[in-house]
Amino acid sequence: MGSIDSGSQPAANGKLEIKIWRGRAKDGAFSAYQVPEQAHQTVLDVVTYVQRRIDATLAYRFACRVGMCGSCAMTVNGVPRWTCRTDVKTVARKGRLVIEPLRNLPVVKDLVTDMAPFFDKWQAAEGRLQATSDREAEVATIDPASPERKAADAGVECINCAVCYSACDVVTWNPDYLGPAALNRAWTLQNDERDGGKAERLRAVTSDGGCQNCHSHQSCTEHCPVGLSPTASIAGLKRMATRAAFGRGPR
Amino acid sequence: MTIERHETDVLILGAGGAGLFAALHALQADPDLRVTIAVKGLLGKCGCTRMVQGGYNAAVLPGDSIERHFMDTINGGRWLPNQDMAWRLCTTAPERIRELENEVGCFFDRQPDGTLHGKAFAGQTFDRTIHKGDLTGIEIVNRLMEQVLARPVVRLEEHRAIALIPAEDGSGIAGCLLIDVRRGIFRLVRTKAILLATGGGPTMYRYHTPSGDKSMDGLAMALDAGLGLRDMEMVQFHPTGLLAGEDTRMTGTVLEEGLRGAGGHLLNGAEHRFMFDYDERGERATRDIVSRAIYAEMSSGKTTPNGGVYIRMSHLGPADVAKRFKGMVKRCADCGFDLAGGLVEVVPTAHYLMGGVVCDAATRTAMPGLFVAGEDAGGAHGANRLGGNGVANSTVFGGIAGDTMAAYVKGMNRAAPELDERTVEAAMNAALAPFERPAGDLNGLRERLMTLMWDDVGVLRDAEGLGRGIAGLEALRVDLMATGLADTGRDFNLTWHDWLNLKSLIDVSEVIAHASLAHEGSRGAHFRTDHPDEGDLTTTRFTVARRSDQAIDIALEPVDFSIIRPGQSLIDDPELLPAAE
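Sequence lines, in order, name chains W and V.
Going letter by letter, the first sequence gives residues 992 to 1242 in this note's numbering.
Going letter by letter, the second sequence gives residues 2 to 582 in this note's numbering.
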C-alpha cells in the first residue's frame, strides 16, 4: 500500500466521491458515498458527514478534533494520516477519497482499530521514566541546550497516533517489531538525565523485536504528522547499542 | 442485552489529569487496592487535559508565593470560589509539579540556567505558569498514561458510564452501570468507591473548544443521583475560536490568547476594528470583555460570511507571525486558512464549565463513597477560572481523590454494598429505549440544541432569552424522547452514543439555563444584560441546583469566606493564613 496521492484536484460536480471500508475484523468491503464539497473540510469532516447524514451505522474514532490526541488516524488514499488536520483539497484526486482503517493494527469495526498492540509495545520498550527522585525533592536543574536534552526534546512531542506504526513495512513483516513510536520514546528516555532505567531499556530495545530490525526506509518520518523523525531516534539507539557492545555503556 | 459484572475497590470514571492521578495515588497509598479506570475513549487519548496549551499554575518560582496565587484565584473567581478548595489547589500545586517532573517524567520548559521557566498568563500578578511550549497537556497526559499503563490497573477503555448505582440499603454508592462501546453490551461494576472525573466540557454550545467525546455525562449522572451542582451558570467563553463553516469539526477550537496579546486586530464583517468601541484596551481587554464585544457585534449582524468576526495578524509581518505562532499558523494552514497573511474568521467559543458537583477540599461529595475531581467538581474557580488553573485543578484534586479513596476503602472494612438493582434496571431500559422508536433526525436535534444554547443561554443573557431557552429545552427533551435509532447492531454504534450524548447535554443545559435565570446579577463569566451589576461582594451567594421529580430547583447559598473576606488580602494580612494541615 504505497503512496498514491497526487495533489489537489477539485470534484467534478461539487460532490466528493467517497469510498469507505466497512466491516468487522477482517470481514469487510468498500461502500460508496457522495458528500458535498465545502470550502473548508477535513477528512474527519467527510467521515462525520457520512455518519450524521447518510449512514448512521458508520464507526470511526476521534476525540480532540485538532491534532492533539492522535485518535483519528486512518488510511486516506493509501496513506496513513491524522484526519482531523488533513484538508480534503490536499489529498483528494479528482474529488475521490478512499478511506480505510490504519494498517498493521487489528480492525474493530469499520475505521476503528484496536490500538492495544501499539501501547503494549510502548511498554515493552520501557517507555516510561524510571524515577530517581521524588516529590520531596526540587525539580532537577537541567541545561536546556545540552546535546542530550536537545535529542530528547526533538522526539518527545509524539501524540501516539500510530501513523508511523501503520506506515512501517517492518511492522508488517515482523509483528514482533516494537515499531517507530515505541523506539522513539525509548530514545528520548535514554537521553533524559533524570531516568534510572537506561540499562534495562537498552536491553529491551535491542532484543529480537528491537531497533536493529529498522531498515531506515523512513516511512515513519515521512508520514509523522507532527514532524518527528523516529528514524533518527532509532539510529541513535543503534549507535548506543554499538557503544554498549564495545563496553562503553549507554550515554 | 448482555450484562457482564465486574468487582473492584475503586472505580475511576475518566482518564484525564484527574483520573490518571487518582489511579497513581490510590495505588501508592495501598498497592493491594483493586483499581479500575473506565474511560469513554482510549486511556489518555480523550478528554481535555491533553488539549491544554497554556500551562500549569504553581507557586514554585523565586519571588512568587502560595498566598499570591491564592489571591489571584479568588480575585479571578470574583470572590465566589470555595476558599478551602482554592487554598488546597494553591498549596498542593507546587508538590504536584515536582511529582510530575521527578516521578511521572514530565519535562517542563527551562530557563537557560536550567531552572523552571514560568510564563505570563492573563489575570495573574506573577509569571507562574509552568509549561511545555504550547503543548503542555500532551506532555502531562502522555507521561501519566505511560505510568498508569505500567501498573496493575484494570482498564475499561471505550466504556461509557450511564448511571451511578446507589447501595440497596441507602448507605451510599455501590457501583456504576456502563456500556462497553466496542462490544455493545452493558457492564455493571460493583465497587466501594467511585471517582467522578469525566470532565465537564460545555459542548452544548454551537461553538465550543472541548474534546468531541465530551458530553457532560458525569454531571448528568450526578444530577440523576440527587447530588447538588453549584455555579452552573458559570460557563467560560474563550474569545477566539476558529470558524470554518457548517459541518466542520475544527470550528470552535481555540486560536490562542497570545495572538491578541501580540497585537492582533479584531475586525467585524465590514473590516472595522471594533474593540476600541467597547474597551480602551482594545483587543488586549480580558477574555470576558472581548467575548462579549464579539458576541454583541455578531448579534447586531456585523458579521463575516460564516457569521463571526475576523482576526488579522498580517500587519505584524507574515514572516514574523509564522515564526512566533508556528503551531497556530500550521493548524490554520492544515485547515485551509492563512493566519499569518490573511484574515481568519473567529467566534467566541464555550471553553470550560466552572460549575460542578458540590464537594469539599478532600473531594468528598454528599454521597458516601462518591468522590469528584477535575471539571466535574464545582467550587475551586468560582465565577471564572484563571488560565493555567484548569490542569492544576484536575491533577491536584485527582491525586487527593486517590489518597482519600484509599483511606475510605480501608476504613470501610467490609465488602462493597449490594447494588440497588431497580436503578440498574431503570438505567438499562432508559439507554435501550431509543431502539424501540422509529429512527429520526438526531443531527437536527443536536443542531437545535447548539443554536438554542448559543442564542438564549450564551455570552449575554437576559430573563426573556433564558425563559425562551428553558421552554426550548423542554421541547427538545420531548422530541429527543420521541426520536429513535435503527437497531443495526450495538457494537461501536456511534449514533446510539450520539443519542445518549444529546440526552446528557440536554439534562445539563437545563441546569445551566435555570441557574442563569436564578442568578440575577453579573459576575465573572455570567453576564445578564438585564442585571449588569456585580452586586455586593460581601453578601455573595452561589447557586446550587438539584433535580426533584422532573423539575430543577435552584437554591442560593452564601459564600463562606472561610479564609478571607472581600477587602482583605493574604499578602497584606499574613495573620489570616490558614494553619498548616
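Hints are computed from structural coordinates only; laboratory data are not their basis.
The beta carbon of each residue, even a glycine, is placed where N, CA and C say it ideally should be.
Fair warning: there could be bad hints in the mix.
Claimed, not checked - Pulled from the structure, derived: some chain V residues nowhere near chain W, Cβ distances all over 12 Å:
#1 Gly45
#2 Asp110
#3 Arg188
#4 Asp554
To be verified - SDA-like cross-link-like pairs, simulated, lysine to any residue; straight-line CA separation at most 25 Å:
#5 V:Lys120 <-> W:Lys1010
#6 W:Lys1010 <-> V:Gly318
#7 W:Lys1141 <-> V:Asp442
#8 V:Lys327 <-> W:Ala1131
#9 V:Lys120 <-> W:Ala1131
#10 V:Lys120 <-> V:Pro306
#11 V:Lys327 <-> W:Lys1085
#12 W:Lys1080 <-> V:Pro306
#13 W:Lys1141 <-> V:Arg313
#14 W:Lys1010 <-> V:Asp442
#15 W:Lys1080 <-> V:Arg313
#16 W:Lys1010 <-> W:Lys1085
#17 V:Lys120 <-> V:Gly259
#18 V:Lys331 <-> W:Asp1046
#19 V:Lys331 <-> W:Gly1218
#20 V:Lys331 <-> V:Gly318
#21 V:Lys120 <-> W:Lys1080
List of violated hint numbers, smallest to largest:
1, 2, 5, 6, 7, 8, 10, 11, 13, 18 and 21
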